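Chains A and B supply the protein sequences, listed in that same order.
Here the first sequence stands for residues 1 to 364, numbered as in my numbering.
Here the second sequence stands for residues 1 to 364, numbered as in my numbering.
Hint data in this document are derived by calculation from the structure and do not stem from the laboratory.
There's no promise every hint is true.
Which copy is meant is left open, so a pair is good if it fits within one copy or across any two.
What the hints assert, rightly or not - PhoX-like cross-link-like pairs, simulated, lysine-lysine; straight-line CA separation at most 25 Å:
hint : residue 1 : residue 2
1    : Lys-240   : Lys-24
2    : Lys-356   : Lys-320
3    : Lys-133   : Lys-68
4    : Lys-240   : Lys-287
5    : Lys-320   : Lys-341
Being a predicted model, the structure only gives us computed values, none of them experimental.
Residue-level listing of the chains:
Number of protein chains: 2
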Amino acid sequence: MGNIEFSETKILKIKEPTTLKSGKVLSNIDIAYETYGKLNENKDNAILVLHALTGSAHAAYKHKDTGKVGWWDDMIGSGKAFDTDKYFIISSNVLGGCYGTTGPASINPETNKPYALDFPVITIEDIVDVQKKLIDYLGIEKIIVAGGSMGGMQAIEWSIRYPKLVKSTILIATSARLNAQGIAFNAVARNAILTDNNFNNGNYYDGENPSSGLSIARMIGHITYLCEEAMYKKFGREFKDSPSFDFGIDFQVESYLQHQGQVFVDRFDANSYLYITKAVDYYDPIKEHGSLEEAFKNSNSRFLIISFSTDWLFTTTQSKQIVNSLIKSNKDVSFVELESKCGHDAFLLEFEKQTKIIKSFLKG
Amino acid sequence: MGNIEFSETKILKIKEPTTLKSGKVLSNIDIAYETYGKLNENKDNAILVLHALTGSAHAAYKHKDTGKVGWWDDMIGSGKAFDTDKYFIISSNVLGGCYGTTGPASINPETNKPYALDFPVITIEDIVDVQKKLIDYLGIEKIIVAGGSMGGMQAIEWSIRYPKLVKSTILIATSARLNAQGIAFNAVARNAILTDNNFNNGNYYDGENPSSGLSIARMIGHITYLCEEAMYKKFGREFKDSPSFDFGIDFQVESYLQHQGQVFVDRFDANSYLYITKAVDYYDPIKEHGSLEEAFKNSNSRFLIISFSTDWLFTTTQSKQIVNSLIKSNKDVSFVELESKCGHDAFLLEFEKQTKIIKSFLKG
Numbered sequence: 001m002g003n004i005e006f007s008e009t010k011i012l013k014i015k016e017p018t019t020l021k022s023g024k025v026l027s028n029i030d031i032a033y034e035t036y037g038k039l040n041e042n043k044d045n046a047i048l049v050l051h052a053l054t055g056s057a058h059a060a061y062k063h064k065d066t067g068k069v070g071w072w073d074d075m076i077g078s079g080k081a082f083d084t085d086k087y088f089i090i091s092s093n094v095l096g097g098c099y100g101t102t103g104p105a106s107i108n109p110e111t112n113k114p115y116a117l118d119f120p121v122i123t124i125e126d127i128v129d130v131q132k133k134l135i136d137y138l139g140i141e142k143i144i145v146a147g148g149s150m151g152g153m154q155a156i157e158w159s160i161r162y163p164k165l166v167k168s169t170i171l172i173a174t175s176a177r178l179n180a181q182g183i184a185f186n187a188v189a190r191n192a193i194l195t196d197n198n199f200n201n202g203n204y205y206d207g208e209n210p211s212s213g214l215s216i217a218r219m220i221g222h223i224t225y226l227c228e229e230a231m232y233k234k235f236g237r238e239f240k241d242s243p244s245f246d247f248g249i250d251f252q253v254e255s256y257l258q259h260q261g262q263v264f265v266d267r268f269d270a271n272s273y274l275y276i277t278k279a280v281d282y283y284d285p286i287k288e289h290g291s292l293e294e295a296f297k298n299s300n301s302r303f304l305i306i307s308f309s310t311d312w313l314f315t316t317t318q319s320k321q322i323v324n325s326l327i328k329s330n331k332d333v334s335f336v337e338l339e340s341k342c343g344h345d346a347f348l349l350e351f352e353k354q355t356k357i358i359k360s361f362l363k364g
Numbered sequence: 001m002g003n004i005e006f007s008e009t010k011i012l013k014i015k016e017p018t019t020l021k022s023g024k025v026l027s028n029i030d031i032a033y034e035t036y037g038k039l040n041e042n043k044d045n046a047i048l049v050l051h052a053l054t055g056s057a058h059a060a061y062k063h064k065d066t067g068k069v070g071w072w073d074d075m076i077g078s079g080k081a082f083d084t085d086k087y088f089i090i091s092s093n094v095l096g097g098c099y100g101t102t103g104p105a106s107i108n109p110e111t112n113k114p115y116a117l118d119f120p121v122i123t124i125e126d127i128v129d130v131q132k133k134l135i136d137y138l139g140i141e142k143i144i145v146a147g148g149s150m151g152g153m154q155a156i157e158w159s160i161r162y163p164k165l166v167k168s169t170i171l172i173a174t175s176a177r178l179n180a181q182g183i184a185f186n187a188v189a190r191n192a193i194l195t196d197n198n199f200n201n202g203n204y205y206d207g208e209n210p211s212s213g214l215s216i217a218r219m220i221g222h223i224t225y226l227c228e229e230a231m232y233k234k235f236g237r238e239f240k241d242s243p244s245f246d247f248g249i250d251f252q253v254e255s256y257l258q259h260q261g262q263v264f265v266d267r268f269d270a271n272s273y274l275y276i277t278k279a280v281d282y283y284d285p286i287k288e289h290g291s292l293e294e295a296f297k298n299s300n301s302r303f304l305i306i307s308f309s310t311d312w313l314f315t316t317t318q319s320k321q322i323v324n325s326l327i328k329s330n331k332d333v334s335f336v337e338l339e340s341k342c343g344h345d346a347f348l349l350e351f352e353k354q355t356k357i358i359k360s361f362l363k364g
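Sequences and hints are given; from them, build the entire structure.
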């Protein structure tokens, strides 16, 4: 606690070609990353925190350029859940993202224009393989991985893919695979982007952004991040002013969604939204390995799994599916369902409850 | 059962001006309606069935022009839940609709062009008042009202607004008012229409329809009509073919939604979608009357309320709210929550279970 800490986003340039799950090859990958705290001599105090759908490398502290606080600043810092007095915390932007790591808005070295839809489709496995290059570069030999939502999927894949490296895995508000309803929401969100008149088959970087479509995508997302309890508590059926008797904004919940849509289009690339949601939809270690037990077979990690009672996007039932598979595989697993009225958003909001549990797990 | 019955859609023309809840006045309202069975001499065997968001007057039988079967044909006919051997069933298209009743696509007599957004905003109360003109025209003196989803809202309003006329009220998969989450889904659906490049402030009747926006609206709707159980059962995470590794259709659930969106744009008017969803959002007899008990105070109706276990758009909790208010008001009320894996769609699908309950209620 105490002094204000500032963060800096660095870029690691990977020159060697990376073969993706699709078989396609990407050369010249930039990885944007931040670190907090100090790596110890044994290089075994590292925690890799993994961001969700629209996150960035900027997980904690105030950013030295923008002054903005990181997305998990409540959880990362001196004395916090991920304690920078003890741990070396690493956060990187995912492959396909739009916050410094190579993605569809990056320049394709073959054409000197943005990739747009020539960017290869990426998977959670590809995202993790690129993170691994950063971890190798930093010389890390044992690692703790932690993430919520899509960050949790990356953490699952880390423990499957790099069983010797991962000593602890923290999965929050996540699932081994998206259910059909989750795919459906992503499909409609992508459809809104793809059918926006400005989309131009992804080549909108010289013109108008497909901001209507991206805004709708974000609004759909926000409905799934909240829950009816949270919406009731935040907005109820309250009017913003009085009934407009036209098609303007009537209810507070409409105003909230509209605002969320508007701020999002200024900060996120529509093509990245397509690629990253597709990576989430595709992720399915159960299909990939035959079963979760088989997938986790070689893992030496301890696991902490946290779900939230009102999360209907990544439900407690889905968390329990992971827990049960880990128990069957004789892994060391702790599971907590936290009561919350915040829906899926809880993993970004309920930091006090999470802090106690994570601290105790990391001590153990 | 037995012979195939054919239906015919008739138009009742209302010349007298109708003052809406907003204070605006509509003249020359057409009401499209169908009837099934025969009105008895006492004119007290009528059942008014009330359609949901995108329904029409064509509730039962094969339509004599199109050959299409009505939306509640499983429930209306000889020997069925609404038995045409005993009852005279009436169904009409709602005000604001696009199936024959006056709505935004109708010709504005003042301009000789479609109303488009010059059509006044309508409410559930207005919809019911217009239906009342049809019921008066038919000379009906006692009536049973029945509806699911938005049809249930109309049935609620019938029993509040015309307490002497309504002798029985059947409310299926409905709520006295939409919750914040429901408003949120409607708001995003409307936003998709309003921001479609073809929308042209509602004046698209001479050009291209805002079909992308309307299609997205419908897809969002369908997600809320199903439930995760239904989606899992219907689609799971099955691929349509194999992963496309592009942004085409990958999963069966995507294909289903895309199809639902596509067929909808050919059968529904985008402006009607705006007006009718707004009517649903606004409806709030609790706010209007201070409480539901107060709203139902003068009702002499018996009530049957049916909810479905997996309906997350109009939940059992919401049905119970109505039930509790009716009990407090000393009304005759029966309530059943039916187990179903069909989500909100259950009211259109689970006809066998509903038939038993409705028949028994109508006998009582």
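Here is what the structure says about each hint:
1. Lys-240 to Lys-24: between (50 Å within a copy, 23 Å between copies)
2. Lys-356 to Lys-320: For Lys-356 and Lys-320, only the intra-copy Cα distance (21 Å) is at most 25 Å; the inter-copy one is 38 Å.
3. Lys-133 to Lys-68: neither (27 Å within a copy, 61 Å between copies)
4. Lys-240 to Lys-287: between (47 Å within a copy, 15 Å between copies)
5. Lys-320 to Lys-341: both (20 Å within a copy, 21 Å between copies)
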